[in-house]
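So the protein sequences, as listed, match chains A and B.
Mapping of the first sequence onto my numbering: residues 5 to 87, in sequence order.
Mapping of the second sequence onto my numbering: residues 2 to 93, in sequence order.
In short, the hints are calculated from the structure, not lab data.
Just to be clear, a hint being listed does not mean it is correct.
[Unchecked claim] Listed next, the in silico DSS-like pairs over lysine-lysine satisfying Cα-Cα at most 27 angstroms (straight line):
hint: 1; chain 1: A; residue 1: Lys81; chain 2: B; residue 2: Lys92
hint: 2; chain 1: B; residue 1: Lys92; chain 2: B; residue 2: Lys73
hint: 3; chain 1: A; residue 1: Lys84; chain 2: B; residue 2: Lys92
hint: 4; chain 1: A; residue 1: Lys78; chain 2: B; residue 2: Lys92
[What the hints assert, rightly or not] Calculated Cβ distances over 12 angstroms to all of chain A for the following chain B residues:
hint: 5; residue: Gly11
hint: 6; residue: Gln78
hint: 7; residue: Leu89
Since this is a predicted model, take the numbers as computed values, not measurements.
Every residue, glycine too, gets a C-beta built ideally from N, C-alpha and C.
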Amino acid sequence: ATAMDQLVGFGLVAFSLLLFVYYTIWIIILPFIDSDHGIHKFFLPREYSVTIPVIAGLLLVLFVGVFVVIVMWKNRKPAKKSD
Amino acid sequence: MTKLVQWLCGLALLGTGWATLALDPLGLHLPLPCRQVLWPFPVYLLVAFGCYSLATIGYRLATFNDCEAAAKELQEQIREARADLSRLGLKF
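Same shape as in the complex, but just chain B (with noise of 0.2 angstroms):
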């Protein structure tokens, strides 16, 4: 069973969980407060998981490890590199 097929078994699960306690069919009827929670409830999932990634990006953008001296050294390089190739004919 590939990855893509064990996904969408857990998503059909938890959306026939979500339908069967949200739509009603079986006349369970919970207290009002629990289904106005339970009616957004895969939307707020969503959300959630767009304000972690966007939060992880954001963290991960703060806190990246610049390495000066190696991006000037690389800077050099590629210039000398250009010098020496357009030296021997290479057109850029």
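Isolated chain A, as found in the complex (with noise of 0.2 angstroms):
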């Protein structure tokens, strides 16, 4: 592999990690941490834990979806003439 993708691999490696932590943490560790605790001003308002990756779904199904269009609108073939 070439640097650079072993740097993008490396890169999405590390931010996948990242966010799984974030997301554990702010899901299953902080509704047993008392409220007056610190470590809650990291943390969004619960409501976003559940809106945030439905949005981002919604969102990539989205640009699949384009992405899709655009493809087939690009090959898309005049119908042949028949005598």
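Assembling the complex is the task here: the two chains are given apart, and the hints tell you how they should meet.
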């Protein structure tokens, strides 16, 4: 793998690890910590823990759909005329 | 029974389990932190799966074994084939 590939690859690994740890602490660990502990100010209110992934998922589906439409549009052939 | 039906049955089972614990139709009244963890649990599993997929893709991209010599040889053979075929009259 080229240096660029390695950079992108390990960057993806680090990003997804960070995201997983943050989300796990948010969802699973925080409810068991008293609400006057300082750690709560690093995390958004709990409702966002559902709305942000749902909206991100919808955006993903939107982008995939737009991509499919663009590719199919570019590959359309004019209908053959038959004698 | 097809694989799809099996997966759907498994999902339906897990979904029913989650709904029984989260929507509380039996009036069990679990402690509050447990209910706070339980509510977003399906979304949590989805996000965790997404993170795992992303990490696997990134890791396999970074550790992929390129074959430089084979790639160059292949490009050379493609060039030769093109020259050969266009000499014989095939249009590219």
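Structure-based check of all given hints:
1. Lys81(A) <-> Lys92(B): 21 angstroms, holds
2. Lys92(B) <-> Lys73(B): Roughly 24 angstroms between the alpha carbons, so the hint for Lys92(B) and Lys73(B) holds.
3. Lys84(A) <-> Lys92(B): Holds: Lys84(A) and Lys92(B) sit about 23 angstroms apart, inside 27 angstroms.
4. Lys78(A) <-> Lys92(B): 23 angstroms, holds
5. Gly11: 21 angstroms, holds
6. Gln78: 22 angstroms, holds
7. Leu89: Non-interface label stands for Leu89(B): nearest chain A Cβ at 28 angstroms, farther than 12 angstroms.
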